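Chemist: What follows is the residue order along each chain.
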Amino acid sequence: MYVGIDLGSAPLHTSLTLVGAPDGSRQRLSCLGLRVGSTFSLLSRTAGGGRVAMVSGSRIALGSSLIKELRAEVVA
Amino acid sequence: MPVTETKPNRQLNLLVASVPTPSVKACCQTGTGTGAGPDAPAVALVGAPNTGKSTLFNALTGSRVTMGNWPGTTVEVSRGVWKTTRDAATCDCEDCTCDESDQKLDITLVDLPGAYSLDPHSPDETLTRELLVGVPADERPDLCIVVCDAARLANSLYLVSQLRELGLRLVVALTMLDVAAKNGVSVDTAALSKALGCPVVGIDPRRRSGLEGLAGTVRETLGTPAPAPRPMAAELDSLELDDDRFSWIAQAVEVGTKAPADPQHTWSDKVDRWVTAPVLGPAIFLGVMWLVFQITTAVAAPLQDFLDGLFTGPLTDGALWLFAQLGLTGTWLEGLVVNGIIAGVGMLLTFVPLMTLMFVLLALLEDSGYLARAAVVTDRLMRAIGLPGRAFLPLIVGFGCNVPAISATRILPSSRQRILTALLVPFTSCTARLTVFVMLGSVFFGPYAGTAVFAMYVISILLVVFTGLILRRTLWRTMGAEPLIIDLPAYQRPTLRLTASVTWVRLKGFLQTAAGVIVITVCAVWLLQSIPTQPGERFGDVPVADSVYGVAAQAVAPVFGPAGFGSWETTSTLVVGFVAKEAVISSWAQTYAVEEPEDSAAPGDLGDAVLASFTESSGGHPVPAALAFMIFLLAYTPCVATVAAQWREIGGRWTLFGIGLQLAIAWGLAVVVFQVGSLFL
Chain A
1 MYVGIDLGSA PLHTSLTLVG APDGSRQRLS CLGLRVGSTF SLLSRTAGGG
51 RVAMVSGSRI ALGSSLIKEL RAEVVA
Chain B
1 MPVTETKPNR QLNLLVASVP TPSVKACCQT GTGTGAGPDA PAVALVGAPN
51 TGKSTLFNAL TGSRVTMGNW PGTTVEVSRG VWKTTRDAAT CDCEDCTCDE
101 SDQKLDITLV DLPGAYSLDP HSPDETLTRE LLVGVPADER PDLCIVVCDA
151 ARLANSLYLV SQLRELGLRL VVALTMLDVA AKNGVSVDTA ALSKALGCPV
201 VGIDPRRRSG LEGLAGTVRE TLGTPAPAPR PMAAELDSLE LDDDRFSWIA
251 QAVEVGTKAP ADPQHTWSDK VDRWVTAPVL GPAIFLGVMW LVFQITTAVA
301 APLQDFLDGL FTGPLTDGAL WLFAQLGLTG TWLEGLVVNG IIAGVGMLLT
351 FVPLMTLMFV LLALLEDSGY LARAAVVTDR LMRAIGLPGR AFLPLIVGFG
401 CNVPAISATR ILPSSRQRIL TALLVPFTSC TARLTVFVML GSVFFGPYAG
451 TAVFAMYVIS ILLVVFTGLI LRRTLWRTMG AEPLIIDLPA YQRPTLRLTA
501 SVTWVRLKGF LQTAAGVIVI TVCAVWLLQS IPTQPGERFG DVPVADSVYG
551 VAAQAVAPVF GPAGFGSWET TSTLVVGFVA KEAVISSWAQ TYAVEEPEDS
601 AAPGDLGDAV LASFTESSGG HPVPAALAFM IFLLAYTPCV ATVAAQWREI
651 GGRWTLFGIG LQLAIAWGLA VVVFQVGSLF L
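Chains as they are written, first to last, in my numbering: chain A, 1 to 76; chain B, 1 to 681.
Because the hints were derived from the structure by calculation, they are not lab data.
In this text the structure is predicted, and so the values were computed from the model without any measurement.
The C-beta atom is built at its ideal place from N, Cα and C for all residues, glycine as well.
Each statement offered as a hint is correct.
Over the 10 Å line for every Cβ pair with chain A, so calculated as not near, a few chain B residues:
hint	residue
1	THR224
2	LEU469
3	GLN492
Straight line, CA to CA, 20 Å or less: simulated SDA-like cross-link-like pairs of lysine to any residue:
hint	chain 1	residue 1	chain 2	residue 2
4	B	LYS83	B	GLU212
5	A	LYS68	A	GLY8
6	B	LYS270	A	SER15
7	B	LYS104	B	GLY213
8	A	LYS68	B	PRO278
9	A	LYS68	B	ARG380
10	B	LYS83	B	ASP106
11	A	LYS68	B	ILE485
12	B	LYS270	A	PRO11
Turn these sequences into a full structure, and let the hints guide you.
Modeler: Shown next as structure tokens:
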């Protein structure tokens, strides 16, 4: 059971910690540096309802369907 | 899951059957040194998409492969010979007795599809895994160069961690060091090398710097035994294994790099804020597409007209004059040369300006990094028909010309997506079809001609959408609907060398494939129109109706009876239309022995003849028959050049499937439109 908020509701330009990701995308995201426990931030909203995330210097575009399944917590 | 050997996929294995076994000796006396033959060491280039891997391959081998600043550009295995040399002064043999030939070493370089890991998510990544893990150990490459992006180092190292578990010889080639430096990241290659347990070399393949150092390191590493696999705990489940790898990566990044505590926002981020934004992003995308469309049609058109005029004018006149001088006027040889070879080569070359412009634009979009953003902006729209956003580009280009559009499907990373898109492109109504629509619209729809032509474009879009949906739910139903996850590369200024080389390799590939198909087809049509079927007629001097071509058209004509245009005069234009849609009107003019109209919107005598023919063949319902014919013309095989482009991109089997699909849809729709339309009109 994941906690936190989905990325669609997460604020931009704020440090977030990923706490949950769907099984089908977890490894792909991990290869791009976005794994459970890693810190990242959202840079912008994209056309189609997605987000651009900044993860350890990389920029990753995430689709709208995926961001609803990704859970994160705001870093205190 | 740990990386383990799997049973090789035979189909994929065919591509790598000749990967040679290791044959290396110490130091510079390595391999045969006589060319990258079967005994030459094999080195594989691997790495995440968009790290500069294909650009490096090009720089090392001097050959040309597809490359660009876009994830997943390399979708096929390319091979080349990497000619390395070593200066005697740098040779570290003890008591070196190497002569000049010993200091040369030719390496077989294999460019594998981009992969983030050895756990595949696409057919292309599966191929990379097969070539590295699926083949027996003695068929694996002697060494892997793992190309890693220094600006996003952690993302590139997952593959390194997996390869280190295999005990392969590795060399890490670091690219994008300049981008990393701009982001405030510095890399200590020596410390990184120690942490990774393999040599690390900094290079810039776009500017071809650092390549000699890479060659030296590769040669030295080839001369050493393969390293032991990275030690790991024996009993790890997949999550624990991933944790172990990421810990190893984090440790390597920590000791090998220095980065600012807070990652800096770059100017790429500022641009992306506008370019991928909800409203402005699609508007910018449409503007870029409009520009591409304009350049590939408006700018190319005068050049095409010039080349067409050159071949149909001076070159044809010159050939006719030459045959007259040789006393061969009216012979089959004259017909073959003028109506077959010159016409065929002329048609092929008229595509050169169009294709060159298209390939230049594609290269610029790829190399600049914009194409990745375009994929983000259009993703949601294209997903409605099961395609990724990036498929939008070839479909838009198809409304200009289907031939470059088919080639543009190369931007799709998955071969299945590429095939599906290449099958849909022919349903986009190209400008060649427009001239026929305008003429028929003027003849049959009078003041509503514009509406009729517009309807063809609407039907064209509907054909793409519905055919896409049907194929997606049948033959492509197993194609995964992976969520959008795109690694956005930093924007960069396209380089002239990269743009030129990418354009050249694509143009060369098109010409190599299309030349044979186009010239042979044009010659075949000429031959069929030249062979008489009636006694007393001479080869090459026969009325169209009496030629094999005309007789075949008469035989096929009844098939189109239910669609209301079952006359041989109309059917024969469809055959000509298969060669080129531009030739439909001139073919009609030839058949009816009237002047070809200067303006297709004012067809004159030809319009009267066509109207009479449709009225007769439709039993007094010429309007629905004309509409059915226009729809058939829209949906069936666009032209031989498109077929040639498809053959090159998706192979013969899928091309033939596409032709069959288009004919079936075209005929079915034409029959329905006529049968229903004739009830009312």
